[in-house]
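In the order they appear, the protein sequences are chains A and B.
Using my numbering, the first residue of the first sequence is number 1416, and each one after it goes up by one.
Using my numbering, the first residue of the second sequence is number 633, and each one after it goes up by one.
Hint data in this document are derived by calculation from the structure and do not stem from the laboratory.
Small disclaimer: the values here were computed from a predicted structure and weren't measured.
Glycine is no exception: its CB is placed at the ideal position from the N, C-alpha and C atoms.
A portion of the hints provided could be inaccurate.
[What the hints assert, rightly or not] Partial selection, computed: residues in chain B whose CB lies under 10 Å from chain A:
#	residue
1	653
2	654
3	658
4	793
5	839
6	848
7	855
8	890
9	892
10	1030
11	1033
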Amino acid sequence: MERDAVLAIILQQIRTVVPELENQPMGPGDSMADLGVDSVSRQEVLILSMEALNLDLPMVQLFGPRNIGELAELLHGKLPA
Amino acid sequence: MIAAGIEALNVYGGCAYVDVRELCTYRGLDMPRFEKLLMREKTVALPYEDPVSFAVNAARPLVQALEEAERERIEMVITCTESGIDFGKSLSTYVHKLLGLKPNCRLFEIKQACYSGSAGLQMAINFILSGTSPGAKALVIATDISRFALADAEAVREWAYSEPSSGAGAVAVLVSDRPRLWRVDPGAYGNHAFEVMDTCRPGPDNEAGDADLSLMAYLDCCEQAYRDYARRVEGADLRHSFDYLCFHTPFGGMVKGAHRQLLRKVCKASSQEIDADFERRLVPSLLFGQRLGNTAGASVLLALAGTLEAGDFSAPRRLGLFSYGSGCCSEFFSGVADAGGQQLLRRQGIPAALDRRQRLSMEEYETLLKGGEVIRFGTRDARLNHQLIPSVWPAFEAGRHLVLDRVEAYHREYRWAGEPG
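Modelling step: build the complete structure from the supplied sequences, incorporating the hints.
Here it is in structure tokens:
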């Protein structure tokens, strides 16, 4: 899977968790916090994204990315080769 | 095997609170996000209150209710806190003296962030189960106070949602071989622990950390501690083994998120089932946390108290408890309570005591935030001003509550409000 496909999955989960963002333009440079996604919902997005990618990792391994693009990069790197 | 567990429990939620909605409006915080905290009020500690006074005010009714012969069997006092007042001397030494307990007693303090209350409870339960002193009782008191000191406007911005959610409170439990309130399932527990720098208190007056990392560690622990429990306990079933669940509650929304993930991962439950299950099995546990705020080490015991107060105990119920402390260590464990236990708990009149607290205006609250009267860690000498917020003092007097009076050569001296000093 390409990194852009991972990014698309994350964006889709954000819109699922926060329906208010349905029509909000967002891209790799945005951070969920800046988009107004609260801390519990941010975790929810990570959980749903992992599910969609068939990944089962400790949540703490997903700590660090400063924006959605970096998160996509990190998740992409965790996918089996 | 000897039965062991909680014989009696009491909560002390202070004498003053702020309305969390009012605070969020005052701070200009986003209302939809506020709603997700699932918070109503938060207890505010006055400068003449400390973890000792909170602990004693929680424990005193339990000790007073005992016959002299029973009181003499309190052979261990464990204080559980992340709000310590000395590096060496434990809070339990003050508590022991102020409650008038016998000298043949083990006194010590436990620290592991918000996990401390469960650590203390488990130590006490295992002391009883060991049978080394048949008939002995242990007093475990989880006591934590958050204080915010208003340095500048930047401080308020940094606090964000931690200000409305952080509270103060103490829960005292008497642990013995007469577990009339809650009987532990011996050997039914699971742990998950690993080193992580999610939140910490690197100095006496500051907290540091990252909210996201802390939530992640909490979620990981919730799942893995339960899985360790299920590994140890034959036939454990997350859906059916527990009538109620009581989680460490930094704020209600966190518990909701953790419960959601746990049911999804362990039971593959649907969203609809998860929402209904949360209402049924977890909402009662939020009763007191919504009124005190996050009480750190006391929070899982507060959740237990809420469930006992608000739940349906027309038949014996098994309660699953999950405790998490940053840094981190966690535990999932269980026990059983029945109608008699609910009756005993309700006799403490906890909701009525919380109703008697004085609501602080934002102006009074800001006076406290300025922090001028707070006894800093390491203070040598001080005399406390009990009239700093005059509207609150009558609540202390009416309740005959313990307050800090002065500090002399580092020694803290207390007095009972409303009684001659």
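Hint-by-hint comparison with the structure:
Because the beta carbon of residue 653 of chain B sits about 17 Å from the nearest beta carbon in chain A, more than 10 Å, this interface hint is broken. The interface hint given for residue 654 of chain B is violated, since its Cβ lies 20 Å from the closest Cβ of chain A, which is over the 10 Å cut-off. Interface hint at residue 658 of chain B: violated, since its Cβ lies 20 Å from the closest Cβ of chain A, which is beyond the 10 Å cut-off. With a least beta-carbon distance of about 8 Å to chain A, the hint placing residue 793 of chain B at the interface is held under the 10 Å criterion.
Hint status for residue 839 of chain B: violated, given a least beta-carbon distance of 16 Å to chain A, over 10 Å. The criterion of a C-beta within 10 Å of any C-beta in chain A is met by residue 848 of chain B, whose closest approach is roughly 4 Å, and the hint holds. Here the hint on residue 855 of chain B is kept, as its CB sits about 9 Å from the closest CB of chain A, short of 10 Å. The restraint placing residue 890 of chain B at the interface with chain A holds, with a minimum CB-CB distance near 9 Å, inside the 10 Å limit.
For residue 892 of chain B, the suggested interface contact is upheld, since its CB lies about 7 Å from the closest CB of chain A, less than 10 Å. Checking residue 1030 of chain B against chain A by beta carbon gives a least distance of about 39 Å; that is not within 10 Å, so the hint is violated. Against a cut-off of 10 Å between C-beta atoms, the interface hint on residue 1033 of chain B is violated, since the closest Cβ of chain A lies about 35 Å away.
Checked against the numbered hints given earlier, the structure breaks hints 1, 2, 3, 5, 10, 11 and satisfies all the rest.
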